[in-house]
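Undergrad: Going letter by letter, the sequence shown gives residues 39 to 152 in our numbering.
Below, a list of computed lysine to any residue pairs in the SDA-like style, where the Cα atoms sit at most 20 Å apart:
no.: 1; residue 1: K96; residue 2: P108
no.: 2; residue 1: K96; residue 2: G71
no.: 3; residue 1: K96; residue 2: G82
no.: 4; residue 1: K140; residue 2: I70
no.: 5; residue 1: K96; residue 2: S109
no.: 6; residue 1: K96; residue 2: M106
no.: 7; residue 1: K140; residue 2: G71
no.: 8; residue 1: K96; residue 2: V78
no.: 9; residue 1: K140; residue 2: P66
no.: 10; residue 1: K96; residue 2: I131
no.: 11; residue 1: K96; residue 2: D132
no.: 12; residue 1: K96; residue 2: A120
no.: 13; residue 1: K96; residue 2: V79
no.: 14; residue 1: K140; residue 2: G129
no.: 15; residue 1: K140; residue 2: L68
no.: 16; residue 1: K96; residue 2: M72
no.: 17; residue 1: K96; residue 2: S107
no.: 18; residue 1: K96; residue 2: E76
no.: 19; residue 1: K96; residue 2: R125
no.: 20; residue 1: K96; residue 2: V130
no.: 21; residue 1: K140; residue 2: T127
no.: 22; residue 1: K96; residue 2: I70
no.: 23; residue 1: K140; residue 2: Y67
no.: 24; residue 1: K96; residue 2: T127
no.: 25; residue 1: K96; residue 2: D110
no.: 26; residue 1: K96; residue 2: G86
no.: 27; residue 1: K140; residue 2: V130
no.: 28; residue 1: K140; residue 2: R69
no.: 29; residue 1: K96; residue 2: E126
no.: 30; residue 1: K96; residue 2: L114
I should point out that these hints are in silico values taken from the structure, not numbers from a laboratory.
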Amino acid sequence: MPPTAWSCSWCHPASHVGGEWFEVSRPPYLRIGMRWEEAVVADGLAPGTSHSFGISDKTLCGIQEAGMSPSDYWWLPEREDACGACRETAGVIDDRWPRAMKGEDARVSVALRL
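Generate the whole structure from the sequences, applying the supplied hints.
TA: Dropping the structure here:
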């Protein structure tokens with residue numbers, strides 16, 4: 039079974055299912071400034087505003103454009119040019135993570151060995 043990935047639309051953790059041992063894993067909690075890349079697209083995003091690249095080829099504020107991709111750089115919500123709506127959504131998503139899952143050792147991984 040080849041591994042597949044999916045992301046929860048409520049709290050946005052990327053989970054991976056499959057692989058050699060049918061593992062279900064979710065990476066550990068990452069603070070807001072390390073969780074999303076900056077969105078890059080030629081058209082559709084206002085110049086001078088930094089948007090986060092979310093899931094399903096959309097920014098966290100909901101902009102979806104053909105050809106949008108993540109950059110090689112983190113989206114930093116504390117920057118002056120960060121989109122306010124992306125920042126607000128990132129805060130809401132961050133608040134949804136259970137406090138117990140925000141620790142360094144809170145990685146979830148379950149493997150079934152056949």
